[in-house]
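Asker: These protein sequence lines are chains A and B, in that order.
Residues in the first sequence are numbered consecutively from 1, following the UniProt record's numbering.
Residues in the second sequence are numbered consecutively from 1, following the UniProt record's numbering.
For the record, the hints were derived by calculation from the structure and aren't laboratory data.
From the three backbone atoms N, C-alpha and C, an ideal C-beta is built for every residue, glycine too.
Please note: incorrect hints may appear among the correct ones.
[Claimed, not checked] Sample of chain A residues at the chain B side, in silico, Cβ under 10 angstroms:
| hint | residue |
| --- | --- |
| 1 | A185 |
| 2 | R192 |
| 3 | R199 |
| 4 | A284 |
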Amino acid sequence: MSHSVPQAPGLRRLPFGVPAVIPGRTLSFGLTLFWVTALVVLPLTALATKPFGRGFKVMLHALGDARALHALALSFGCALGAASLCTLLGLLLAWVLERVRPPGWRLLDALVDIPFALPTAVAGITLTSLYAPTGWIGAPLDRLGIKVAFTPLGITLALVFVGLPFVVRTVLPVLRELPRELEEAAETLGARPGQIARRVLLPALAPALATGFGLAFARGVGEYGSVIFIAGNRPMVSEIAPLLIVIRLQEFNYAGASAIGLVMLLAAALCLLAITALRRRLPASLGVRLGGAA
Amino acid sequence: MGVDLRNISCLFGRTPAVRDISLRVSNGEFLALVGPSGAGKTTLLRIIAGLEPNYTGQLSIGARDVTRVPARERNIGFVFQNYALFRHMTVAENVAFGLRVRPRKRRPARAAIAARVSELLELVQVGPLAQRYPTQLSGGQRQRVALARALATEPELLLLDEPFGALDPLVRKEIRTWLRRLHERLGLTSILVTHDQSEALEVADRIAVLRDGSLEQVDTPDALEDRPSSLFVHQFLGETVGFDASAGTDGAILSLNGPWNGTPARFPEPATAPGPGPGRRHLSLRPWEIGLEPTDAQGAARVTGMGRAGPFLRYAVRAPDGSHAVEVLRPSSLPPLPEDGGCALDLRLARVFAQPGADDTGA
Numbered sequence: 001m002s003h004s005v006p007q008a009p010g011l012r013r014l015p016f017g018v019p020a021v022i023p024g025r026t027l028s029f030g031l032t033l034f035w036v037t038a039l040v041v042l043p044l045t046a047l048a049t050k051p052f053g054r055g056f057k058v059m060l061h062a063l064g065d066a067r068a069l070h071a072l073a074l075s076f077g078c079a080l081g082a083a084s085l086c087t088l089l090g091l092l093l094a095w096v097l098e099r100v101r102p103p104g105w106r107l108l109d110a111l112v113d114i115p116f117a118l119p120t121a122v123a124g125i126t127l128t129s130l131y132a133p134t135g136w137i138g139a140p141l142d143r144l145g146i147k148v149a150f151t152p153l154g155i156t157l158a159l160v161f162v163g164l165p166f167v168v169r170t171v172l173p174v175l176r177e178l179p180r181e182l183e184e185a186a187e188t189l190g191a192r193p194g195q196i197a198r199r200v201l202l203p204a205l206a207p208a209l210a211t212g213f214g215l216a217f218a219r220g221v222g223e224y225g226s227v228i229f230i231a232g233n234r235p236m237v238s239e240i241a242p243l244l245i246v247i248r249l250q251e252f253n254y255a256g257a258s259a260i261g262l263v264m265l266l267a268a269a270l271c272l273l274a275i276t277a278l279r280r281r282l283p284a285s286l287g288v289r290l291g292g293a294a
Numbered sequence: 001m002g003v004d005l006r007n008i009s010c011l012f013g014r015t016p017a018v019r020d021i022s023l024r025v026s027n028g029e030f031l032a033l034v035g036p037s038g039a040g041k042t043t044l045l046r047i048i049a050g051l052e053p054n055y056t057g058q059l060s061i062g063a064r065d066v067t068r069v070p071a072r073e074r075n076i077g078f079v080f081q082n083y084a085l086f087r088h089m090t091v092a093e094n095v096a097f098g099l100r101v102r103p104r105k106r107r108p109a110r111a112a113i114a115a116r117v118s119e120l121l122e123l124v125q126v127g128p129l130a131q132r133y134p135t136q137l138s139g140g141q142r143q144r145v146a147l148a149r150a151l152a153t154e155p156e157l158l159l160l161d162e163p164f165g166a167l168d169p170l171v172r173k174e175i176r177t178w179l180r181r182l183h184e185r186l187g188l189t190s191i192l193v194t195h196d197q198s199e200a201l202e203v204a205d206r207i208a209v210l211r212d213g214s215l216e217q218v219d220t221p222d223a224l225e226d227r228p229s230s231l232f233v234h235q236f237l238g239e240t241v242g243f244d245a246s247a248g249t250d251g252a253i254l255s256l257n258g259p260w261n262g263t264p265a266r267f268p269e270p271a272t273a274p275g276p277g278p279g280r281r282h283l284s285l286r287p288w289e290i291g292l293e294p295t296d297a298q299g300a301a302r303v304t305g306m307g308r309a310g311p312f313l314r315y316a317v318r319a320p321d322g323s324h325a326v327e328v329l330r331p332s333s334l335p336p337l338p339e340d341g342g343c344a345l346d347l348r349l350a351r352v353f354a355q356p357g358a359d360d361t362g363a
């Protein structure tokens, strides 16, 4: 835009290097840089260089393996499916917790966080015993010809379980902060409930939904504990990439393990970048970003 | 369109927020709902809008009974206190919203919507801002956009909930004169909620004063000022100075009570008294309505201080025993009173009210 933009009152960010009134900018930046380097950048660099240690060919070979490719595709596919499901279910759950408020909603609210706290292996074993062909839910489903445990469906289920809190916890506060007047304004303008949801609420929640989706997806790609029990780990059917990494390590095939790791890292980074880029282009973020603080 | 409220009541839990209000707003009228916070004025406005479904009584807009009609079918325009603009939409999209959500049969063509939007944005004088987002606008601009959005669907009734509350005083003054002109130009019926009585006095044809959910008085600004139905109304509409007094059998005020007892004073004619018969009364006046006349009489009030207040001189006037003082404004064109001199009070412009509890005491 060519004309000048009146700034909404709020915090303005100073350009880098300009001394701020609040002290400790240098110190806080230094500390941040240090731990980000020590905890994130260094291990990632090690991971990125390790596969090349034995030569580029070894790495390509490790990736050309059909079993590795299938495991990667399975991990990303299931994570994508699970994150999508989480986004739908999480939105619904957040809505119920914030707007419907059924009796006992506080208990429900606490239950949402259980997957955060529960050891993932426990969750995995529980899900497996429930959904195995002999389990409470698995048996009737089995009679209908639907197999959940030991199939990609089971993996997705486990990933939905661990991913759901990410969506609920990102969407809920945003929903809570949305002024009721927005819905009322839409209503006085003649909008029907469906139109209010689609044109007012969803766009306002979209950035939070995208973030929740990204988090659930990232968690799903790397998830290990809750998946390995229900997956059954049959090569070329239900073997996930993180498990294959462990198998390769046990075979002392470090190059193969780190090659898969590297691919997962790159693919996950790309996906998250794409989500961030998409998120920034959403009208709801646009409206906020252009005006500075809102 | 006129609005007819009949016996409207509304409970919040067990607390009555609105108690049995009946009120008629005629077509083209600008009505202000005023009252202290918690008086139920916003609740009443939301009932009229259809945003507060749990009420009893009957409500018509124009000839149509809308008691059980949801907000989206009442064809009203509502301007919220915090504007409630859609942040993810540009100004133009915000204004177009009400037209775009119409069912296909009643929805204007794309071009017609665009034309209507730019016409409205011109009307509220924010034409060049059509492609901005609400966060890029100043408070006054947001206010105008919210108004344009409310007007887009050609409502029969415009409801405004404290629309100037968040604006700075200069902008506020400008935008309310502008709103009044707009109201006349478009031939709207408008209801404005405000806690600022000066705002109400300036823009409204009639003012409804609410207190604790009940309607205290509805009248023109002049009538409210000249003939307030209760001390509350008089006090709410501006600064007041009060005196306790006693009335004789014919209802005429005889003397002041309390610390002012014995002060020479002139009193209003009996006709303005609330009723015949002796008893205790309360006299209420604006500070500039009290006349001061220098006197050497015994027991006169004393002028103990003065200062300038705009076109007035502000006098502190003390009761003869010195225990009690009031502030009186006097046009600075009148000859100044000597400091520490005695003065008589001219209270002929006082509104006279029965004193609360006067009947019980039997004094």
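Asker: Quick check: which numbered hints come out false for this structure?
Answerer: The structure conflicts with no hint, since it agrees with every one listed earlier.
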